[in-house]
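Asks: One-letter residues, chain by chain:
Protein chains: 2
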Amino acid sequence: MIETIAKQTGAAFKLNKGDKLKVIDPLGEQVSDMVLFNAEDKREKLSSGKTLDFEETILITKGHHLWSNRSHKMMEILEDTNGRNDFLLAPCSPETFQIMYQNPEYHPSCFENLYTNLAAFGLEPDDVPTAFNIFMNVQFAADGKLTVAPPTSKAGDYVLLEAKMDLIVGLTACSAEQSNNYSFKPIQYEIIRAQN
Amino acid sequence: MIETIAKQTGAAFKLNKGDKLKVIDPLGEQVSDMVLFNAEDKREKLSSGKTLDFEETILITKGHHLWSNRSHKMMEILEDTNGRNDFLLAPCSPETFQIMYQNPEYHPSCFENLYTNLAAFGLEPDDVPTAFNIFMNVQFAADGKLTVAPPTSKAGDYVLLEAKMDLIVGLTACSAEQSNNYSFKPIQYEIIRAQN
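So the protein sequences, as listed, match chains C and P. Just so you know, the first sequence maps onto residues 1 to 196 in the numbering used here. Just so you know, the second sequence maps onto residues 1001 to 1196 in the numbering used here.
No wet-lab data here; the hints were simulated from the structure. Keep in mind that the hints are not guaranteed to be accurate.
Calculated cross-link-like contacts (lysine-lysine; reagent style DSBU-like; alpha-carbon spacing at most 35 Å) [unchecked claim]:
| id | chain 1 | residue 1 | chain 2 | residue 2 |
| --- | --- | --- | --- | --- |
| 1 | P | K1017 | C | K145 |
| 2 | C | K145 | P | K1145 |
| 3 | P | K1014 | C | K14 |
| 4 | P | K1185 | C | K164 |
| 5 | P | K1185 | C | K145 |
| 6 | C | K145 | P | K1007 |
| 7 | P | K1042 | C | K73 |
| 8 | C | K185 | P | K1073 |
| 9 | P | K1062 | C | K17 |
| 10 | C | K145 | P | K1042 |
| 11 | P | K1020 | C | K164 |
| 12 | C | K7 | P | K1145 |
| 13 | C | K7 | P | K1020 |
| 14 | P | K1014 | C | K145 |
| 15 | C | K73 | P | K1185 |
| 16 | C | K145 | P | K1062 |
| 17 | C | K22 | P | K1017 |
| 18 | C | K73 | P | K1145 |
| 19 | P | K1145 | C | K20 |
| 20 | P | K1020 | C | K145 |
| 21 | P | K1154 | C | K42 |
| 22 | P | K1020 | C | K154 |
| 23 | C | K14 | P | K1185 |
| 24 | C | K145 | P | K1073 |
| 25 | P | K1073 | C | K42 |
| 26 | C | K145 | P | K1154 |
| 27 | C | K185 | P | K1020 |
| 28 | P | K1014 | C | K22 |
Only chain C is shown next, with the shape it has when bound in the complex (with noise of 0.2 Å):
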């Protein structure tokens, strides 16, 4: 069954090893960030400098794994049909929008959409990793600039990930303008279940 996560909102679960989770972008150009604990021992968590690390690439797709900070495979990603994700920036968070766009009002953001679902799992926000941005583009030049453009991504395009352990997922719908050219969206996913 496909779940929606309403713009601007996200979602938290479960996974079992073995089982299949597809992350749908239904209608183009948004941005999904993902986090991902051990659910045995949630101190074990994604890790973005150990995935590049091991990886050795900033740009994570297709035939890579997502790793945790005690070296341990959390997901392969098995299928990417749009191919760019961001692994280097953090969640956008409400100082996000006050620091960096000298917005002082309230804004939804990814950093609270993933805390408040992952509280059901007894997660607080201080456990938030920096996550894995499904869909986000973020172009980095030869001198180290780093810009955020809109991205590529296309109606129906999917990234499906294989559970390598047991594992509590955070999972967002951007609320970031710049992530998605100004145009929030809902996220779609689905989870297939390992035969047991």
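Position chain P relative to chain C; hints supplied.
Replies: Positioned in the frame of chain C, the structure of chain P alone reads:
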């Protein structure tokens, strides 16, 4: 007073807000991994994702700040005589040598040298975030491919940082062959206390 971190070891210490820390490469071509924690609440710690996001660059050097997971400035880089540091890759760990270098034997690592020294401050291995890797020369290609190259630092090169809050600091002389051109060397540091 200048302190010396012997090759393949580490240190941990406190800094007060306003103190300056000078991290020196005494012989050249050596890397020092640094992690930071808020001394008042250790759940606040250094964040590569937040730093790359707020500074809008992969290459963190003079004029930039090191940011926490709570979007606060932890340190400011006042001087950087070499100018090349890495903030993409996790500290080398026992698994780095097993998985990437096919070395099943015991190997000292920055990760071990960080958590063993930080234990005196009540910190645990799982608390160690992706480090700011001073003098580390990680090259990134246009296709995202990452390569660890010898440091460009010469004998006496240093980075001078100012604490923007009370901090617990973990610091190493890197243990990985690839990071320091197969020549294990010490790192030196000097704490310049703020006037009280």
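Asks: None of the hints should be skipped; say for each whether it holds.
Replies: Now the hints, each set against the structure:
1. A hinted pair counts as satisfied when its Cα atoms are at most 35 Å apart, and P/K1017 with C/K145 qualifies at roughly 29 Å.
2. With a CA separation close to 16 Å, the supplied pair C/K145 and P/K1145 stays within the 35 Å bound.
3. Restraint check: the Cα-Cα separation between P/K1014 and C/K14 comes to about 39 Å, which exceeds 35 Å; the hinted pair is violated.
4. With a C-alpha separation of about 38 Å, the suggested pairing of P/K1185 with C/K164 is violated against the 35 Å cut-off.
5. For the given pair, P/K1185 sits about 31 Å from C/K145 by alpha-carbon distance, which is consistent with the 35 Å threshold.
6. For the hint linking C/K145 to P/K1007, the alpha-carbon distance of about 33 Å falls within 35 Å, and the restraint holds.
7. Restraint check for P/K1042 and C/K73: the C-alpha separation of about 27 Å stays at or below 35 Å, so the hint holds.
8. For the suggested pair C/K185 and P/K1073, the alpha carbons sit about 32 Å apart, so the restraint of at most 35 Å is met.
9. Using a Cα cut-off of 35 Å, the hinted pair P/K1062 and C/K17 is violated, with the two alpha carbons roughly 45 Å apart.
10. Distance check on the hinted pair: C/K145 and P/K1042 sit about 30 Å apart at the alpha-carbon level, within 35 Å; holds.
11. A hinted pair counts as satisfied when its Cα atoms are at most 35 Å apart, and P/K1020 with C/K164 does not qualify at roughly 44 Å.
12. Restraint check for C/K7 and P/K1145: satisfied, since their Cα atoms lie roughly 33 Å apart, inside the 35 Å limit.
13. Proposed proximity of C/K7 and P/K1020 is contradicted: the alpha carbons are some 45 Å apart, above 35 Å.
14. For the hint pairing P/K1014 with C/K145, the CA-to-CA distance comes to about 32 Å; that is within 35 Å, so the pair holds.
15. A hinted pair counts as satisfied when its Cα atoms are at most 35 Å apart, and C/K73 with P/K1185 qualifies at roughly 32 Å.
16. Taken as a hint, the C/K145 and P/K1062 pair is honoured in the structure, with Cα atoms around 15 Å apart against an allowance of 35 Å.
17. Restraint check for C/K22 and P/K1017: the C-alpha separation of about 46 Å exceeds 35 Å, so the hint is violated.
18. Restraint check for C/K73 and P/K1145: the C-alpha separation of about 20 Å stays at or below 35 Å, so the hint holds.
19. The hinted pair formed by P/K1145 and C/K20 meets the criterion: a straight-line CA distance of about 27 Å does not exceed 35 Å.
20. Of the pairs offered as hints, the one joining P/K1020 and C/K145 holds, with about 27 Å between alpha carbons and a cut-off of 35 Å not exceeded.
21. At most 35 Å may separate the alpha-carbon atoms for a hinted pair to count; P/K1154 and C/K42 exceed this at roughly 42 Å.
22. Of the supplied pair hints, the one linking P/K1020 and C/K154 is violated, its CA atoms being roughly 49 Å apart against a limit of 35 Å.
23. Among the hinted pairs, C/K14 with P/K1185 is inconsistent with the structure: their alpha-carbon atoms are about 46 Å apart, more than 35 Å.
24. Of the supplied pair hints, the one linking C/K145 and P/K1073 holds, its CA atoms being roughly 20 Å apart against a limit of 35 Å.
25. The straight-line distance between the Cα atoms of P/K1073 and C/K42 is roughly 27 Å, inside the 35 Å bound, and the hint therefore holds.
26. A threshold of 35 Å between alpha carbons decides the hint, and for C/K145 with P/K1154 the separation of about 25 Å falls inside it, so the pair holds.
27. At roughly 46 Å between alpha-carbon atoms, C/K185 and P/K1020 are farther apart than 35 Å, so this suggested pair is violated.
28. Among the hinted pairs, P/K1014 with C/K22 is inconsistent with the structure: their alpha-carbon atoms are about 45 Å apart, more than 35 Å.
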